[in-house]
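Novice: Protein chains in written order, with my numbering: chain A, 1 to 438; chain B, 439 to 619.
Think of the hints as simulated: they come from the structure by calculation, not from any bench. All values reported here derive from a predicted model rather than from experimental measurement. Even glycine gets a Cβ: it sits at the ideal position worked out from N, Cα and C. It is possible that some hints are incorrect.
[Said to hold, decoys possible] Derived SDA-like pairs: lysine to any residue, alpha-carbon spacing no greater than 25 Å straight-line:
{"#": "1", "chain 1": "B", "residue 1": "Lys609", "chain 2": "A", "residue 2": "Gly53"}
{"#": "2", "chain 1": "B", "residue 1": "Lys609", "chain 2": "A", "residue 2": "Asn362"}
{"#": "3", "chain 1": "B", "residue 1": "Lys609", "chain 2": "A", "residue 2": "His204"}
{"#": "4", "chain 1": "B", "residue 1": "Lys609", "chain 2": "A", "residue 2": "Arg184"}
{"#": "5", "chain 1": "A", "residue 1": "Lys159", "chain 2": "A", "residue 2": "Asp91"}
{"#": "6", "chain 1": "B", "residue 1": "Lys609", "chain 2": "A", "residue 2": "Asp359"}
[Claimed, not checked] Facing chain B, a subset of chain A residues (Cβ under 7 Å, in silico):
{"#": "7", "residue": "Ser179"}
{"#": "8", "residue": "Gly252"}
{"#": "9", "residue": "Pro318"}
{"#": "10", "residue": "Ala385"}
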Amino acid sequence: MIKELPLRARWYAVLLCFAVLPGLASAQLKIEITSGVTDPVPVAIVPFASTGGADNGVDVAEVIQSDLEGSGRFKAMARSAMTSTPSRAQDVQMATWKAAGNDYVVVGRVTALGGGQVAVDFELLNALTGQQLANPRFTGTAAAVRDAAHRCSDVIYEKILGIRGAFATRIAYVSVEGSPPAQRYQLVVADADGANARVILESHLPIMSPAWSPDGQWLAYVSFENKRSSIYVQQVSTGTRRLVSGRAGINGAPAWSPDGHKLLVTLGGSAGTPNLYVLDLGTQQLTRLTEGPSIDTEGVYAADGQSVYFTSDRSGGPQIYRIGLEPGAKPRRVSFESAYNARPRVSPDGTKLAMVTQDGANYRIAVQDLASGTERILSHGRLDASPSFAPNGAMIIFSGIEGGHSILQRVSVDGQTSQRLRADSADVREPVWAPFAH
Amino acid sequence: MRKILSVMLLASVMALVACAHKPPKDTGASASSQVPAAGAQANGAGANGAVGAGGANAAGGEDIGGPTEGILAQRTIYFAFDSSDINPEGTALISAHAHYLVAHSNLHVRLEGNTDERGSREYNIGLGERRAQAVRRAMLLQGVAETQLSTVSYGAERPAVEGHDESAWSKNRRVVINYVQ
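Looking at chain A on its own, in the form it has when it is part of the complex:
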């Protein structure tokens, strides 16, 4: 999608130096459930069989259990209560599992295929009817067993709830350690459950506004490493990155076009008036989208790519506006519920808008139904910020302050379930949920 530019010889030296650095994250996120549905689906996830260490030390059933329970919509049977551990559907004595109160039973196994490849197979069984609902196989390297476990969770979630699961996805976030003025900023990429956290950029000056490309391969972000804001795009798997905007004044709020060819950016110029521009990543051509002395920022494309939602204080305080991409288009205000609405994010299906809204003395995450205009506040914190939709549209991840620290939180769009993702030592913020892997 993004053409790599020829390397300049002088950067080879730098490149070799970077190559020795493993990107371990210093702060691991832990998930805690803060609210769940009152009638979670009871399910037994039997420990998977593994032949000859094929599972690479990953407890597949435990990963699935953690995913499903972490969603707030399932309750897993305790292992200690299981009287047998079948790994194939034909070995399941359904009456026993049904009598133990389970609606569903999951059995499976990990087998070595040779050549470093392994297969994860499982059967999802309806404990009430005995019917087999799914028996997929995921194959990959031994290192990908954990990812395969998340894919199992995705299938189970979808078969039972009718919503595509988003467990086998990733998030990016900013982690900050140390006290002012000596703070350290890290850009981290992790699995959706917080595991496998990896630092992809570190600086003693701020890093902010990460944004995933539509193919989930690149992150655009703002870095102040040169003591002014600049926008970079970085390929997550290789670390390859390009400076795409280091113009005078503010370079901020990057957001990708749905085709991944353009970035919506905020540029302040030397006069310091932030306006929205479309930056073509292929030609570097800039097209101005908004005018005037107001703060226009935090642009994001509508799902169809034909218009843009953004924050502007043109009417006084910050509110959300929508503007078409055609020349001469005029912005139209779309938020009215509060004196402060900012940072719009569009749901993957294009029907909802998440935003930061002032609610009394608090800043919270609200979701507006775009067809009806009705709004609902989903979070309960004092200083909630940076909402980002899961690629299945069912959850929103955001940041909030708790116990004096910035933590990540997730809430389902129906408001029924929520979880906390806390790091031990760092403030974590600006979470962005990656799109589904293709």
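Please build the complex by placing chain B on the supplied structure of chain A, with the hints as guidance.
Specialist: Coordinates of chain B only, in the frame set by chain A:
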């Protein structure tokens, strides 16, 4: 884990310095900001790798001490919530630095705008810039040359003090006058 990471980062910084033919002049930026992905390719990364980055500004100068006599030792102008209006104390401080800059036309300052943490982060970048620009305009009105002034907004990203209440917020809503090379 944190210690290991620090050691690895330190090692890589040293390796970077050792590898580069000419260490970058602005070591603060280049040596501390890293792309540590395994097998990383820094494709045009860094200040010199500008791709389509026309008109890069000159705000990245190295900090120098600047004057310390009397009121000039003070470098911070504070603001009310959601405001870029300069209060009388701020006006006096700006005026003192403006006179000094007029008398020392070889000196440059970077005006760093900041906000408290409330609300959304990129909107706060806009607010911080508005504060820095207000100080810049006040200095221009007092005869400081445009070439002596640059602005940057850190929004809520670089608080002066930690804390999540008004006592911290009031210290973080500020413009810092930073003398640079």
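Novice: Run every hint past the structure and note whether it holds.
Specialist: A quick look at each hint next to the structure:
1. With a C-alpha separation of about 57 Å, the suggested pair Lys609(B) and Gly53(A) falls outside the 25 Å cut-off, and the hint is violated.
2. Restraint check for Lys609(B) and Asn362(A): the C-alpha separation of about 20 Å stays at or below 25 Å, so the hint holds.
3. Annotation: proposed proximity of Lys609(B) to His204(A) holds, straight-line Cα distance about 21 Å (limit 25 Å).
4. For the suggested pair Lys609(B) and Arg184(A), the alpha carbons sit about 20 Å apart, so the restraint of at most 25 Å is met.
5. Simply put, Lys159(A) and Asp91(A) have alpha-carbon atoms about 22 Å apart, close enough for the 25 Å limit, and the pair holds.
6. At roughly 24 Å between alpha-carbon atoms, Lys609(B) and Asp359(A) fall within 25 Å of each other, so this suggested pair holds.
7. Of the supplied interface hints, the one on Ser179(A) holds, with its beta-carbon coming within about 6 Å of a beta-carbon of chain B, less than 7 Å.
8. Here the hint on Gly252(A) is kept, as its CB sits about 5 Å from the closest CB of chain B, short of 7 Å.
9. A least Cβ separation of about 5 Å between Pro318(A) and chain B falls short of the 7 Å threshold, and the interface hint therefore holds.
10. Checking Ala385(A) against chain B: minimum C-beta separation of about 6 Å stays under 7 Å; hint holds.
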